[in-house]
Structures are given as structure tokens and as C-alpha cells.
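Residue numbers (this note's numbering), protein chains in the order written: chain A, 930 to 1197; chain B, 930 to 1197.
One or more hints might be untrue.
Copies of the same chain are indistinguishable here, so a pair counts whether it falls within one copy or spans any two.
[Said to hold, decoys possible] Heads up, simulated SDA-like pairs for lysine to any residue below, C-alpha to C-alpha not over 20 Å straight-line:
1. Lys-1025 x Thr-954
2. Lys-1185 x Pro-1195
3. Lys-1185 x Asp-970
4. Lys-1185 x Leu-978
5. Lys-1149 x Asn-1106
6. Lys-1025 x Asn-1055
7. Lys-1025 x Asp-1014
Everything labelled a hint here was simulated from the structure, so no lab data went into it. Note that the structure is predicted; figures quoted are calculated from it, not measured.
Protein chains: 2
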Amino acid sequence: MKRQILFISDGTGITAETLGHSLMTQFPGVDFEERRYAFIDTAEKAEELRQQLLQQPGDDRLILLTVANQDIRKTLLDLPGQVLDIFSFAVSWMSKALGQAPEQHVGHAHGMVDPKAYQRRIDAINYALTFDDGLGRDYAEADVILVGVSRSGKTPTCLYLALHFGVKAANYPLTENDFDSMNLPSMLAPWKDKLFGLSIDPFRLAQIREARKPGSSYAKLNTCRMEVQFAERLFKRYRIPFLNTTETSIEEISAKILSVLKLEKPLY
Amino acid sequence: MKRQILFISDGTGITAETLGHSLMTQFPGVDFEERRYAFIDTAEKAEELRQQLLQQPGDDRLILLTVANQDIRKTLLDLPGQVLDIFSFAVSWMSKALGQAPEQHVGHAHGMVDPKAYQRRIDAINYALTFDDGLGRDYAEADVILVGVSRSGKTPTCLYLALHFGVKAANYPLTENDFDSMNLPSMLAPWKDKLFGLSIDPFRLAQIREARKPGSSYAKLNTCRMEVQFAERLFKRYRIPFLNTTETSIEEISAKILSVLKLEKPLY
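Okay, chain A solo, but in the shape it has when bound:
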């Protein structure tokens, strides 16, 4: 079953699309065809979109709206399809709960433009880039240090933690030297409470490494199997909490890390 789903917003459309993706997981049998229409922030753009959709097939399309402006919303409610005006619904609820009328301007919901918060995000990104892959010297400033074998997902997770939570995340790659001694690398030893391990299925790891360095011994299944085994043994030996990233998205890994290390950070 094929079905169009449209995310329409007078802002970035990120809220509509994020909610939409959550909803779509509940209907795995439907083959959704997604479109995002962001920054529909004037009556003209709204009307133009309406005309455009009227000329296309798909009157049974699903439409998720997150629009703050009343006038634009009127036109959009009238779009050809089944419209869920989720934002108005939630705003009304909140207005009643708070006993306050809402402001109807397009919100800076994402990333909060407050200069201080912005600076924290940027600092965290710079930190992740400086302390990537065992670079950098001193982990005193780190909120978390991700540990794992090469290509287990450390860098993207550090960047996500920085961008979305302003968390300073360093990462340290485990290599043969570490497995020979089976000791915690001396650089990490003073910061045991900040460590979090990433593990991965050796088959998946071999695939990822093969794509990067085809035919290398580094990408061989045996190498991967051995490295992952050693890494998990090290995690267990030093009681480092760890997570298998094979079936886990960057978002889930990040949220788990915050949850396990009890880092209370709001989402940007």
C-alpha cells in the first residue's frame, strides 16, 4: 500500500517530520512517500502550495501541519488530503493547562538562538573535532569519552551529542596495543566514570570496514571478530557500560549514553 505523507510547516518542518517518522513506525505495512514543505510562511506560499497539490493525484494523502500563523493555517486546513493539525491541537491543550493564550508567531523551536546556548553547542562541536579518534591530550573537560574499535560508530555519536545536547564527547579508538596488555589505556585511566563503550556485530563491522578499505586485513571478518571480542572483554573487566550499535541509530545510542551516565542535557 502506497501513500503520500506531507510535512508542512511555516518553520523548518523538523517538528512535523520528526513526529511523522514516529507515527510511520506504527504502520510498517504502508509504503509512505514523503515530502517536506518548509517555510510556508505567507498566505501566497500557502495558496500556491494548495494550487499545486490540487493539480496532482493523491487526494488520500496524509498531511501533518505544524503552523503557528492563523491565517496561513486556514488555507492549509483546506489542502486536498487528510489533514492533521497537530500543532494547534497541542497548543490548545497547553493553553488550557497553563491558563494562558498562545502567541501565534513562528517559533525558534530548534537549536534555540540564545547566544549562550549557541556557544555551548559550538564549543561542544569544536571539542568533538579536537578530541576525535584519540586526538587531544587531556580529558578533564570531557563529559563523556567513547571507547571502541575503529568504525564502531564513535565519531558520528560524538558529533550528535555535541550538536544536539551540547555534550563534550571525546572518543578513543581501541587498537592492538590495548588488546595485548588488556589494560585500560593510561590516558583513560583517570576518567573511568566518563567512559562508555561501543560494540558492534563483527559481520557488520567487516562490511563497514570493507567499504572503506576493500581487501585490507583490517576489514577481514577474523580481525573484526577478534577485536570486538577483546574490546568487550576490556569493557567487562573495567566495568565500562557498553552498547551494541549494530541495530541502533545514532539518536538511540546518544540518548542511551545520556541516560546511563545520567547526563541531564536538554535537546537543542
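Use these hints to put chain B onto chain A, whose structure you have.
For chain B alone, coordinates are given in the frame of chain A:
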């Protein structure tokens, strides 16, 4: 007016918090105190949370739920506070619109764990890191090339575009050499359609640079003013679309770029 707002989920909580932040922008007079409770995915955890909240003040707290599991939801609906079960509401709507019953498992809504999509994201992140700050040689593979003076927001935007949209984004810093000639840098000339400029208020730029290199001539207001002026002149001369990032979040900048360059990429 101070008010607690809780984001509770059996998954990462990202959907609840994203929607919550959008809603909060509509009530700027309220001083919200946010808490996220992620991975509340067993009846025990739900009951534990209920007991915990019962012992804390704040019965007027707002609670945003995004929970797929029915049994857990029952407990959570009973939490002390005003509960908005937004996910159920939207799922019911969608179920009716589709004529299909929903599955009630916790969804992998974020980042889509499909290995191919994951690989695209990772490739895009590697691309952004390799082609950061004028590094890398050939922009043939780039989806977009961000151009702007140092510290105008290029790197965070490239990383966001990579992480969230799998967009391959390079960035090129404009420097004195470019301003002397007022020609488009030769590396960029073949890829005019992929260029997007970032500009920034000189005062804000001076602040950001000062935090990074205190007392440097690089951070002087005059330097910043001149560089920004030249950069904007260059953008106009070559008809490069550009955006002032001063009051714009990384999310908004990214969404604008996709919208202007008509890059149709779903959000991860």
C-alpha cells in the same frame, strides 16, 4: 511563571522533546523547567517514575507522552500532572485515515536503522570532515558547498546537514586573498550551482572570534566588518544565494539551504 514540563517516552524521547520545544515557543512568558525521561519501556520503570513524581511537588506539571506500548501508557496516563498523550491521538488519526490498525511496538523512528541509510549518513559525515575548511580537492561529489568568512557557522551547518539529511556538504573559508581579487576562488568556479553563502552580523562575529582568539586582530570589529562586507559583495557579484546566520539556528540554516537549493532529502 514557573512550570515543570516532562517529556516521557519508551524510546529516546526525541519526538516528545522536539514537539515540546515547538509548543514552548508559543508561551514565551512561562519559565519552563524541563525534564526528559527516556526509555521508560517496562511497566516497572513506569511505576517507579510514578512513585517518584508522587513524592515531588508540582502537581500542575505538564507531561508530554510519546509511548507506543499500551500497558505502559496506562500507568503513565495516571501520572500526577496534566498529561497530553499526543502520540496516541496522532496514531488514532492516522489509523482512521489509513484504515489500518497500528502496531504497538516502540519504533525506530530516528535515524532509521536501515544499513543503507546509515551508510549514507556516515559517508556524508566523513565527507564533511574531509572537506571542512577548504580541505579536500575536488567538489564533484558535493551536494552543497558553504562559503563564508571564518566563524560564520559553516562547520556546524555542514555536520548538521550530514547527520540529519545525509547531504554531502563541503565548506570553503573566504580569506583576504579572495577579497583582494574579488573573484570567485578558482576551486569554486566549476560548481557555482552548489554554492551557498553564510553571512553574519559583524558585532556577533567579533564576539565569537574574541572568545576563540582573545585580543587578536582577527577578532577586531573593524576586521570583521570589512570581511563581512567583502563576503556579501562577492555573494552578490556572483549571485550566490546567502543567509545571515546571526539570529538563525543551525536547524533553520540547514533547512533553508535545502529549500533554496531544492535538495529533496528526508530527515534522518
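Hints and how they fare:
Taking the shortest alpha-carbon separations for Lys-1025 and Thr-954, only the inter-copy value of 16 Å comes in at or below 20 Å, while the best intra-copy value is 30 Å. For the identical chains of this complex, Lys-1185 and Pro-1195 are intra-copy neighbours only, at 14 Å inside a copy versus 24 Å across copies, given an alpha-carbon limit of 20 Å. In this assembly of identical chains, Lys-1185 and Asp-970 lie within 20 Å of each other by CA distance solely across copies; the values are 13 Å between and 36 Å within a copy. Proximity of Lys-1185 to Leu-978 under the C-alpha cut-off of 20 Å is restricted to the inter-copy arrangement: shortest distance 17 Å between copies versus 40 Å within a copy.
In this homomeric assembly, Lys-1149 and Asn-1106 come within 20 Å of each other (Cα to Cα) only inside a single copy, at 19 Å, whereas the closest approach across copies is 47 Å. Neither within a single protomer nor between protomers do Lys-1025 and Asn-1055 lie at most 20 Å apart by alpha-carbon distance, with minima of 42 Å and 47 Å respectively. In this assembly of identical chains, Lys-1025 and Asp-1014 lie within 20 Å of each other by CA distance both inside one copy and across copies; the values are 17 Å within and 15 Å between.
Violation of the numbered hints given earlier is confined to hint 6; every other hint is satisfied by the structure.
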